[in-house]
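J.: Residues per chain are reported as follows:
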Amino acid sequence: MQAFLLVIGLILAGILPLPLSAQTLQQVKIQTVLDELSQSDDTTRVLNLWATWCGPCVKELPHFEEVFQETKGQKVKFILLAVEDSPKTVSAFLSKKGLQAPVWFLDEAHADQWIPRLDPDWGGEIPITIIINQARGQRHFHSGEMTKEALQQAIHHVSSQNK
Amino acid sequence: MKKLLFSLAGLALLTAFSFATFQTNGYQVGDVAADFKLKNINGKMVSMADYKEAKGFIVIFSCNHCPFVVASEDRMIALHEKYASKGYPVIAINPNEQTHADDTFEKMKVRAQEKGFKFAYLVDGEQKYARLYGATKTPDVFLLNKEKKDGKDVLIVRYKGAIDNSVKDAAAVTETFLADALEALLAGKAISKTDTKAVGCTIKWKETR
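Order-wise, the sequence lines are chains A and B. Going by this note's numbering, the final residue of the first sequence carries number 163, and the count climbs one at a time with no gaps. Going by this note's numbering, the final residue of the second sequence carries number 1209, and the count climbs one at a time with no gaps.
Treat the hints loosely; a few may be bogus.
Stated by the list, open to error - Here are a few chain A residues that sit away from chain B, every Cβ distance over 10 Å (derived from the structure):
id	residue
1	Gln-23
2	Gln-27
3	Thr-32
4	Leu-37
5	Lys-72
6	Val-76
7	Phe-93
8	Lys-97
9	His-110
10	Ile-126
11	Arg-136
12	His-140
13	Ser-143
14	Gly-144
As the list claims (entries may be wrong) - Straight line, CA to CA, 20 Å or less: simulated EDC-like cross-link-like pairs of lysine to aspartate or glutamate:
id	chain 1	residue 1	chain 2	residue 2
15	A	Lys-59	B	Glu-1207
16	B	Lys-1109	B	Glu-1053
17	A	Lys-88	B	Asp-1169
18	B	Lys-1193	A	Asp-119
19	B	Lys-1168	A	Asp-85
20	B	Lys-1037	B	Glu-1106
21	A	Lys-77	A	Asp-35
22	A	Lys-148	B	Glu-1207
23	B	Lys-1146	B	Asp-1195
No lab work stands behind these hints: they were computed from the structure. Source: prediction; values computed, not measured. Glycine included, every Cβ here is placed at the ideal spot set by N, Cα and C.
With the hints as extra help, turn the sequences into a complete structure.
T.: Pasting the structure below:
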C-alpha cells in the first residue's frame, strides 16, 4: 500500500510519466501560428498541416513523430497543425495514436481568409510541410506526403545553411 | 547618374517581373484556358468544343475518395442543375493517379451512378490538364467564360478556387464565391472575388514529376 501511494505521489509530482499520456490539444488562431513561424532565433520550426480525414496526412504522421523523437535536444521545434477538423475528432485520434510531437488545432472558420495569410502561393492542398529557420533565412515548402528521409534531409538543410 | 539609377530600377523591375512570371504555376484569372479531350465515364471522349451552346464552363478537378470532394458533391450537382441551362455546365475531371484504388475509372462510374451525376466526369490519366491549369487539390474550381479574342472564341479563366467559404460544412457557408461569380458573368458585371482559397486533398501525382 505504501509503495502504491509512493507511485501515485511520484506521478502527481510529475516525476514519473504516466504511461501513454495523451497531450491536451492546444487550440490556436492563425496569428499564433504566424507568430511562432516568425521567431528570429536559430531554431528550425517544422509546421505540418494535416487533418484526421486526410489519408496521406495520417500516413505520414509517424515519420514526423519519429523525427521529433530523434531530434529531441536539438534546436528543432515541431508543430503538427490540424486544420479543417473538429477538436473532438482530433483529440480522440491523439489518444488512440499517442503522438508526443506537439499538435495544435487551428480554430478558424474560413479557410479563404487564413490560407493566404499563411502562404499566398499555397493552393490549399494538404498535407503540406513548411520548414523554416529565420536566423538562417531558410524556408522549405513541401506539398504532399513526405518520406522520413525527405523530412530529415529538409530539416538538416534548413538548419545548416546560411543565407 | 540619374540614367544609371533608372536602368537599375528598370533592371530590378524586370527581375521582379521575370521572377513573378517564373513563380506562377498554371492559369491565373484572365488567362486563356486550353480545351481538352478526355474520356468520360460513358467511355466517350469529351472536349469543351463539343458544347456548342455553352457560354462557359465550371471545370472542377475532383475525385472519388477525398472527404472534401464528398462534402462538395451535392453542391456540384446543384450548381450544374442551376447553371447548365443558363450556359455554364459543370465538367468534373479526376486527375488522381489511376493506381489509387479509390480513384480508378471503374470507381468513377460507380460514384457517378450513386450520386446521379448529370455532368461529364472525365479522367485526366496523364495529369496533363491538372498541371496545365495549375490545380493542386480536389476539389479545385476554374470558371471559364467563352469570349471573343481576335475574332475567335476563346475560354478565359474568370474565377478560380473554392465553391464557397465552408467546404466541410455546407450549413456554415456565408459566401457563395462561385455562384456569385456566375451571377456576375450572367449579369455582365465584374466579379468581386476572382481568386479564393480552400483546403482540399492533395492531387495524387505520379512519381515522375
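J.: Hint by hint, work out which the structure violates, then give me just those numbers in ascending order.
T.: 9, 10, 13, 14 and 16
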